[in-house]
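K.L.:
Sequence:
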Amino acid sequence: MSIAEFSKKFHADKRGNCAMAVAYGYARATGKSEEEAVKAAEMFRAFGGGKAPDGLCGALYAAKMMQPDHAEAIEEVFKRGAQNCTKCQEIRPNKIIPCNRCVELAGEALDFLEK
12 MSIAEFSKKF HADKRGNCAM AVAYGYARAT GKSEEEAVKA AEMFRAFGGG KAPDGLCGAL
72 YAAKMMQPDH AEAIEEVFKR GAQNCTKCQE IRPNKIIPCN RCVELAGEAL DFLEK
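Each residue of the sequence shown is one higher than the last, beginning at 12 in our numbering.
No lab work stands behind these hints: they were computed from the structure.
Accuracy of the hints is not assured; some may be wrong.
With a Cα cut of at most 25 Å, we get these calculated BS3-like pairs of lysine-lysine [said to hold, decoys possible]:
| no. | residue 1 | residue 2 |
| --- | --- | --- |
| 1 | Lys20 | Lys98 |
| 2 | Lys106 | Lys20 |
| 3 | Lys50 | Lys20 |
| 4 | Lys50 | Lys25 |
| 5 | Lys62 | Lys106 |
| 6 | Lys62 | Lys50 |
| 7 | Lys126 | Lys62 |
| 8 | Lys126 | Lys106 |
| 9 | Lys25 | Lys43 |
| 10 | Lys126 | Lys25 |
| 11 | Lys20 | Lys126 |
| 12 | Lys90 | Lys50 |
| 13 | Lys20 | Lys43 |
| 14 | Lys90 | Lys43 |
| 15 | Lys98 | Lys43 |
| 16 | Lys106 | Lys90 |
| 17 | Lys106 | Lys50 |
| 18 | Lys106 | Lys43 |
| 19 | Lys20 | Lys62 |
The calculated label-pair distances, taken between Cβ atoms and stated as ranges, are [stated by the list, open to error]:
| no. | residue 1 | residue 2 | range |
| --- | --- | --- | --- |
| 20 | Arg91 | Glu45 | 28 to 36 Å |
| 21 | Ala84 | Glu46 | 12 to 20 Å |
| 22 | Ile107 | Glu46 | 21 to 29 Å |
| 23 | Gly66 | Met12 | 15 to 23 Å |
| 24 | Ala57 | Pro104 | 18 to 26 Å |
| 25 | Met12 | Glu53 | 33 to 41 Å |
| 26 | Glu46 | Glu83 | 15 to 23 Å |
| 27 | Ser44 | Arg91 | 14 to 22 Å |
If you're wondering where the values come from, they're calculated on a predicted model, not measured in any experiment.
Cβ coordinates follow ideal geometry from the N, Cα and C atoms, glycine included.
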């Protein structure tokens, strides 16, 4: 499964917030065990629901933390799918895209880098 697929499933199964989902998906898709991936996800528990630094979408924040050397590229890919928005308070109240799509976009950006 891809990072986006692992992330989406984690989020859809209501196992954690958007940031946790991306951290989990990245860990699983890059060879970490279920236990290791859950631990990685837990490190991002505080960053969902608009609580990431600067109000960033938690999914985007987690993706940027997974690949900090490619943070700008990740943000550009994300913005293309989110009508140029990066902050949770722009995305959610205005119904730009749903949270599960944010998770998928962030995962897709990471998948693109892994190729």
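K.L.:
Could you run down the list of hints and mark each one as holding or not?
P.N.:
Status of the hints after comparison with the structure:
Between Lys20 and Lys98, the direct Cα distance comes to roughly 23 Å. Compliance with the 25 Å bound is thereby established for this hinted pair. Of the supplied pair hints, the one linking Lys106 and Lys20 holds, its CA atoms being roughly 21 Å apart against a limit of 25 Å. In summary, the hint linking Lys50 to Lys20 is supported, as the alpha carbons are separated by about 17 Å, within the 25 Å threshold. For the given pair, Lys50 sits about 16 Å from Lys25 by alpha-carbon distance, which is consistent with the 25 Å threshold.
Taken as a hint, the Lys62 and Lys106 pair is honoured in the structure, with Cα atoms around 18 Å apart against an allowance of 25 Å. The suggested pairing of Lys62 with Lys50 holds, with an alpha-carbon distance near 19 Å, which does not exceed 25 Å. Proximity of Lys126 to Lys62 is assessed by CA-CA distance (about 30 Å); at most 25 Å being required, the pair is judged violated. A C-alpha spacing of about 31 Å is found between Lys126 and Lys106, which places the hinted pair above 25 Å, so the restraint is violated.
Only pairs whose Cα atoms come within 25 Å are accepted, and Lys25 paired with Lys43 is accepted, the gap being roughly 20 Å. Of the pairs offered as hints, the one joining Lys126 and Lys25 is violated, with about 28 Å between alpha carbons and a cut-off of 25 Å exceeded. Proposed proximity of Lys20 and Lys126 is supported: the alpha carbons are some 21 Å apart, at most 25 Å. A distance of roughly 28 Å separates the Cα atoms of Lys90 and Lys50; the hinted pair therefore is violated under the 25 Å criterion.
Taking the CA atoms of Lys20 and Lys43, the gap is near 16 Å; set against the 25 Å cutoff, the hint holds. For the proposed pair Lys90 and Lys43, the alpha carbon gap of about 28 Å is over 25 Å, so the pair is violated. With a C-alpha separation of about 29 Å, the suggested pairing of Lys98 with Lys43 is violated against the 25 Å cut-off. This hinted pair checks out: Lys106 and Lys90 have alpha carbons roughly 15 Å apart, not beyond 25 Å.
With a CA separation close to 31 Å, the supplied pair Lys106 and Lys50 exceeds the 25 Å bound. Annotation: proposed proximity of Lys106 to Lys43 is violated, straight-line Cα distance about 34 Å (limit 25 Å). Distance restraint check for Lys20 and Lys62: the Cα-Cα separation of roughly 22 Å lies within the 25 Å cut-off, and the hinted pair is therefore satisfied. Checked against the hint of 28 to 36 Å, the C-beta distance between Arg91 and Glu45 comes to roughly 32 Å, which is consistent with it.
For the pair Ala84 and Glu46, the supplied restraint of 12 to 20 Å is violated, since their beta-carbon distance comes to about 30 Å. Judged by the Cβ atoms, the range 21 to 29 Å given for Ile107 and Glu46 is violated: they are separated by roughly 35 Å. For Gly66 and Met12, the Cβ-Cβ distance of about 30 Å falls outside the hinted range of 15 to 23 Å, so the restraint is violated. For Ala57 and Pro104, the Cβ-Cβ distance of about 21 Å falls inside the hinted range of 18 to 26 Å, so the restraint holds.
As the Cβ distance of Met12 to Glu53 is approximately 20 Å, the hint placing it in 33 to 41 Å is violated. Taking 15 to 23 Å as the suggested C-beta distance range, the pair Glu46 and Glu83 does not conform, at roughly 32 Å. Between Ser44 and Arg91 the C-beta distance comes to about 33 Å, which lies outside the given range of 14 to 22 Å.
In summary, the numbered hints that this structure violates are 7, 8, 10, 12, 14, 15, 17, 18, 21, 22, 23, 25, 26, 27.
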